[in-house]
Amino acid sequence: MTPDLTSPRNPRVAAAKRLAKRSTRGRERRFLAEGPQAVREAVGHLVEVYVTPEAAERHADVVRAADSAGARVFTATDEVVAEVCDTVTPQGIVGVCRFLDSPFEEILRGAPKLVAVLANVRDPGNAGTVLRCADAAGADAVVLTDASVDLYNPKAVRASVGSLFHLPVAVGVPVERVASGLRAAGVRLLAADGAGERDLDGELDAGTMGGPTAWIFGNEAWGLPEETRALADEVVRVPLHGRAESLNLATAAAVCLYASARAQRAPGGCRTVAADQ
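Quick note on the numbering used here: the sequence shown kicks off at 1 and runs consecutively.
If you're looking for bench data, these hints aren't it; they were derived computationally from the structure. Check each hint, because a few of them may be wrong.
Said to hold, decoys possible - Here are the computed distance ranges between Cβ atoms for each label pair:
| no. | residue 1 | residue 2 | range |
| --- | --- | --- | --- |
| 1 | 9 | 265 | 47 to 57 Å |
| 2 | 79 | 239 | 48 to 58 Å |
| 3 | 245 | 28 | 34 to 44 Å |
| 4 | 197 | 53 | 23 to 33 Å |
Positions of the beta carbon are idealized from the N, C-alpha and C atoms, including for glycine.
Construct the complete structure from the given sequences, taking the supplied hints into account.
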């Protein structure tokens, strides 16, 4: 198979490569999804796909799905794909996708029962991993405040491992608006903080975790500022039963979200059949 694109200086290739810059992504409202898993999950949002002949053969199902969904598929040399990708060792396929974030008001109208809020989270790997944890725990939405990292940063997209395409995500919402909107929607706000007065185990034992809940997660280096903590109904810490000094952000988020997911599905929780009737 002779590749359609052979030069990294091709205008189409150069345009895709510029999506590595946040300003270009914002202007074009497009971003990159690298690797077969990400492209597979992104099918409904794809505009273009660049794939090497070898990867096209190896991931023929992904290429067919992209083509059937209306994306333009271009075969390209390894050099061209590497030029577009952000990773050191590209997997031979990359997609150009449309932005897919949801308005915060739309999330509220969906009566969410479990929400992850990222406040001042600046590390794209952490943001993407928390999004993945929220998806796995069955959360209804993720919200990134206006002081958080760009959702479409290539590292955040990779760290989400496709979960970015699975659940509604709102971006750029002031944390005060997040808190007031969720509280008005009947959602209890819990701030996750290692210095919290309440203990996660104690909350579970007290049976307070079964209702609609939003967890607010802060910056891993300096945590949540006092003004953000004050917006929450409770500030909750994950208990450390061993000698570890702390948990990283993504691990703490996974523990908190799964604790809520279990409590909500327990008898009397907001996701039980009886509660929904």
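Comparing the hints with the structure gives:
no.: 1; hint: 9 with 265: 47 to 57 Å; in the structure: 54 Å, holds
no.: 2; hint: 79 with 239: 48 to 58 Å; in the structure: 52 Å, holds
no.: 3; hint: 245 with 28: 34 to 44 Å; in the structure: 43 Å, holds
no.: 4; hint: 197 with 53: 23 to 33 Å; in the structure: 59 Å, violated
Comparing the model with each numbered hint stated earlier shows that hint 4 is the single one that does not hold.
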